[in-house]
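*Asks:* The residues making up each chain are set out below.
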Amino acid sequence: MVPLNHYLYLSAILFTIGAVGVFTRRNALIIYMCIELMLNAVNLTFIAFSKFLNNMDGHIFAFMIMTVAAAEAAVGLAIILAIFRNRETVNVDDINLMKG
Amino acid sequence: MSEYIPVLIMLLLGAGTAVGILVATTLIGPKKSFADKMEPFECGEHPIVSPKLRFSVKFYLVAIFFVIFDIEAVFLYPWAVLFKRLGIFGFIEMMIFLVILAVGLIYVWKRGALEWE
Amino acid sequence: MEIIIPTINLASIYPEIVVTIFAVIVLLLHAFTPHHSPGGAGKGGDHLGYISFIGIAYATFLVFTQEGGTEYSFNGLWILDNYSRFFRLIFLLGTGLTILISVKYVKDEGINHGEYYSLILFATVGMMIMGGGADLITIFLGLELMSISLYVLAGYTRNRLTSNESSLKYFLLGSFATGFLLYGIALLYGATGTTNLKGISGFISESNFGNPILIMGMVLLVVGFGFKIASVPFHMWTPDVYEGAPSPITAFMSAGPKAAAFAAFARVFFEGLPSLQGVWVDLIWILAVLTMTVGNVIALVQNNIKRMLAYSSIAHAGYVLVAFVSANELGIGGILYYMLAYTFMNIGAFGIIIVVGGKGEKRVNVDDYTGLAYRHPVAAATMSLFLFSLAGIPPTAGFMGKFYIFSAAIKSGYIGLAIIGVINSVVSVYYYLRITVAMYMKEPESAVSGAESMPSLVFSTAMIIAMVIAAYGVLRMGIFPSAYIALAQQSHLSF
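Residue numbers (the numbering used here), protein chains in the order written: chain A, -7 to 92; chain B, 81 to 197; chain C, 566 to 1060.
Same shape as in the complex, but just chain A (with noise of 0.2 angstroms):
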């Protein structure tokens, strides 16, 4: 059997490699990707300790994630899109009106 601490290292890299991505790439969907990459590694978390703690609390928090994170993707997928139709890019860096 694995042990649980192989499983925390991959979420915790996952994890990070998820945050590095958030602020060096500067296309929002491809942000928003490395966000789910987080998401998806606390799931891995989630469920690591839930089957090593023998505890359905886990389990359930991680449906709720994924439910979560479809909404939150379906409505910032909406709103990408409409930035995409008034602005034609998706880049971070072009998007700056504001600045003070």
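Treat each hint with caution, since some may be false.
Stated by the list, open to error - Computed Cβ-Cβ distance ranges for the label pairs, DEER-style:
{"hint": "1", "chain 1": "C", "residue 1": "Thr572", "chain 2": "A", "residue 2": "Phe15", "range": "43 to 49 angstroms"}
{"hint": "2", "chain 1": "B", "residue 1": "Leu88", "chain 2": "C", "residue 2": "Ile780", "range": "36 to 42 angstroms"}
{"hint": "3", "chain 1": "C", "residue 1": "Val866", "chain 2": "B", "residue 2": "Leu156", "range": "53 to 59 angstroms"}
Everything labelled a hint here was simulated from the structure, so no lab data went into it.
For clarity, every value in this text was computed on a predicted model and none was experimentally measured.
Each residue gets a CB set at the ideal place from its N, CA and C atoms; glycine is no exception.
Starting from the structure of chain A, add chains B and C where the hints point.
*Replies:* What follows is chains B and C alone, placed relative to chain A:
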């Protein structure tokens, strides 16, 4: 374990058929290479438009609705598995959940988001 | 395996159910109204707003009729206590005022849709769930219901580029923060084996609390909540989002959702992690000082009034964090009292900003307020009242709130923090009074250009009602604070 033997046989048969067909086509099929066949787009037909076309935004809308309504199935599966043991309580709870989903569907419908034209 | 049906206490969630039902009704009413233009500006006028307002009023009535005492239900997922009652009143008040100041705005902007009000109501349900959640699952779901509604609302004027941009930034940074919050929750769950706040606190006090996973989880929770309450250094989304969002939504976001984030933040840390207080108090001390100072200093140089109030809102989050650090009964009461006062004064100020801004939000710079007192003395006086309150000048609610918070800090021995807070309030007086000075001390440039730059202000009836309520609240809480302080004191968390 013996009750799983038919499953194992089915698996072997399925895998055997798939592999067998692949082997048979490579052995007995003609092997000719020509330009149309090597086209990656539209499977041998001459491409009539550029593959980098923009899809209509309507596809995208349908995809969003699919994501939203599809993910709700995740809550239906555990309920379906434990349907008998949850009894009338689980039934009512799930009906409330489904009514709320249905409200979403009615809303989407009435707003015309499901019309293709 | 026997399945145990948890105790279901519907009475403890009546207000939430009512608001949800009204949100659905408003949504469907709009969908079933025939639309003549693709934009779908509803024919019925303001009725959707008034229906939503009735829903909020009814829910408020239900909160008042709920029995007192502390009661857990839904298998420990939900708690009904004085703390959640008080916060529900703040949320409902913020939402009610927001609806009133929106009625004319949405007609002017052509966004008079059922979805607008429906999303506000759904966000309110989310906030109420955050206030009443006794389990990290409930709190997370409430937070997301609120946040997702707000992402849409921030971009609701979808043809205005700044609104689009505000929505995108809010969405990306908000979900980024959610990731941190969730990772923190996951680590807490791993360390304690439960997501229930009582269970977490029980587990930690029994075992060693030096577990690195536990500390890591707690720090990530501070980061996640820090984003949601807009504390420095997690504040970078706030100015852009507040500036670009439609003004009523900016008012809404700065009051209710911020209070909700504080409600959940305090609930998680005081009920779930009291044994780690030695660790998180120092963290939040630093956050409080940074938040107050950075918010106030950057607000000094802003010319756009919405952006200025965004930085001011960051600074106010800093004051509330001072109460948080105090971590005594007075401190919790201070959070409650301050958030109530802030709801009155900030939504009030935004009401005037909406009226002065006019159609398309054209006049949102400090210069646009020049000579307002000569043209519209009542509007100028009302605005000054709210600004005085935000600056913390007696006899207003803002003064009593700050007094309350800083005395809580001194009582807990954080004298340095209280001094930094007072210095910050003095700094903040400069930029609030800048607007007042522009309104009163400067003449409109010339009769002709003045008339061009400032057409007559139109106050709708709903707006007048909202301004009267807000002004009454600000004065009442400032002059006769004892009843509200007593209420806030009763509502502190048991810890």
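*Asks:* Sort out which numbered hints this structure fails and list those numbers smallest first.
*Replies:* 2
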